[in-house]
Amino acid sequence: MSGSGVGVSFRPGELEVRPDGTGNLLGSRCRACGAHFFPVREACAGCLSQDLETVAFSTEGILYTYTVVRQSIPAFEVPYILGYVDFPEGVRIMGQIAGIEPGDITIGMPMVLSIEPFGTDDDGNPLTGYRFRPRETN
Amino acid sequence: MTDVHVVGVGMTRFGKHPDSDATDLGAAAFLEAIADAGIDPRLVESAYVGHVFQGMVTGQRILAQVGLAGLPLSNVENACSSGATAIREASLAIRAGENDVVVAIGTEHLTSKFAGALTPDPSDPEAAVGATMPGVYAMRARRYMEEFGMTREQLALIPVKNKSNAAQNPLAHFRKEITVEDVLESRAIADPLRLHDCSPVTDGSAAVILMSDTAMKKYGNGRAIRLAASTLRSGSVDVEPTSMTYEPLTWLTAKEAYDKAGIGPEDVDFAEVHDCFSIAEVLRVEGLGLFEQGSYPWAVERGEANIGGRLPINPSGGLIGKGHPLGGTGVAQVVELVRQLRGEAGVRQIEGARIGVAHCRGGKAVGIEGAACTVQILVR
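Listed in order, the protein sequences are those of chains A and B.
Under the numbering used here, the first residue of the first sequence is numbered 1, with each subsequent residue one higher.
Under the numbering used here, the first residue of the second sequence is numbered 1001, with each subsequent residue one higher.
Hints are computed from structural coordinates only; laboratory data are not their basis.
Source: prediction; values computed, not measured.
Keep in mind that a hint or two might mislead.
Listed next, with one range per pair, are the computed distances between beta-carbon atoms [stated by the list, open to error]:
no., chain 1, residue 1, chain 2, residue 2, range
1, B, Thr1214, A, Ala32, 48 to 58 Å
2, B, Glu1147, A, Glu60, 18 to 28 Å
3, A, Pro79, B, Ser1236, 39 to 49 Å
4, A, Gln50, B, Thr1111, 15 to 25 Å
5, A, Pro102, B, Leu1031, 22 to 32 Å
6, B, Glu1351, A, Leu127, 33 to 43 Å
7, A, Pro88, B, Arg1152, 30 to 40 Å
8, A, Asp121, B, Glu1177, 46 to 56 Å
Cβ atoms here follow ideal geometry from the backbone N, Cα and C, with glycine treated the same way.
Bound conformation, chain A alone (with noise of 0.2 Å):
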């Protein structure tokens, strides 16, 4: 789509992706208590305010623990590595990781998010989602 190959984001309501091959993860902050949600919420869970703004999250944040996925349905090729990563905003988010082999994956680590393409539409149109990375690597 782009002159860098990034192209529609795979969920824009979840994930903003730039030209530039940059992007981040989008949820809500309650502007009434400050508190974080993914993905975008119509109302805070901790005080109700419906004064909420969307947010892009932090790149960087820490592995909760993970999995290797080794049957699935058929739009994932298996194996993939799965995990959640906590962000400083206090949001847990789960995505796949790369760049790393599952023997070498401590929880705790450091992770990075990362935009890379990710699947197709019913067209098979590339789209572009994300993965976590480790921060060492990047």
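Using the hints provided, position chain B relative to the given structure of chain A.
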């Protein structure tokens, strides 16, 4: 307010039923429950039917199959807690004074609907990145191992126990005992979980007939077991990341049930819990307050959760051994509780059992701890 009594129970064999469907299986379970209650089916005043992937009005198809038309009937979907939710709704109809005789049925013909790993609904952001239910539980297992030092071998003792119980249960999907080595050598599904750690894709149905005090006086058969509590909760939205090795949702659902029944976790004699995966049994029993957090794998090692142990868990074989036909599961748990409390569990009988707990937990949605959780307490 009236008490609620389980007067009749029925359950098909759990397993693969290629020549049957969710309607036939549900009808068979219903007819067995009616025969077990020893009542005229026309006494049934309303019906609640739990199922997940069986399509519209499966409950009406079942009752049409057995000649009962015209009843108020609700089809209930709450993922793996669908059948248990049907029982709760049925019990509420009685407690509210609306009905005196109600049937709850759970049914699923899963082998014709799906194969492989169950995933969250495709609309979910986690499904979009490749979440599978085994994957999510594998991540919880990994975290539990990290926090509490549980070994892979200890975790394997849970499927070994549950399949040993299932081997003694003529209605169970799996009838073969396995060893720790069998678990560790089975196919990897989502590290560290392997095939034997996972509940199977199962067809099956179960049904229970519930009665009020008034109906019991007229139609009771002397074998009723009291449903002392039936509670349901949905998971809270995470305001900040919470532990994935402890289940506040399970505890809150259980606490409400314990309070309603006037008991505490220390009074429970045995439990059927939602062991969709081996690690899930650990998280459930600790969430229910039956075992201290971080202690259950060692208790299993000591044999405390065996039939004949201090607190038997999943004497039926559980979801791992007996099978997991989503809608059927929660109702089948109550069938097991009733048979144990009546003293009709045969070689699996837990001697002197007076109080049993059934726990289901189903569904996955982004940002909430769990979707639907149920706890039922049955008292002899």
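Do Asp121 of chain A and Glu1177 of chain B keep their Cβ atoms within the hinted range of 46 to 56 Å?
Since the Cβ atoms of Asp121 of chain A and Glu1177 of chain B sit about 49 Å apart, the hinted range of 46 to 56 Å holds.
Range agreement (Cβ of Thr1111 of chain B with Cβ of Gln50 of chain A, hint 15 to 25 Å)
violated (45 Å)
C-beta pair Pro102 of chain A, Leu1031 of chain B: status relative to the range 22 to 32 Å that was hinted:
violated (51 Å)
Is the hinted range of 18 to 28 Å satisfied by the C-beta distance from Glu1147 of chain B to Glu60 of chain A?
Holds, at about 23 Å.
Cβ distance range 30 to 40 Å for Pro88 of chain A and Arg1152 of chain B, holds or violated:
holds (33 Å)
Lying within 48 to 58 Å: is that true of the beta-carbon distance Thr1214 of chain B to Ala32 of chain A?
holds (51 Å)
Lying within 33 to 43 Å: is that true of the beta-carbon distance Glu1351 of chain B to Leu127 of chain A?
violated (60 Å)
Between the beta carbons of Pro79 of chain A and Ser1236 of chain B, is the distance compatible with 39 to 49 Å?
violated (33 Å)
Hint violations for this structure: numbers 3, 4, 5 and 6, all remaining hints satisfied.
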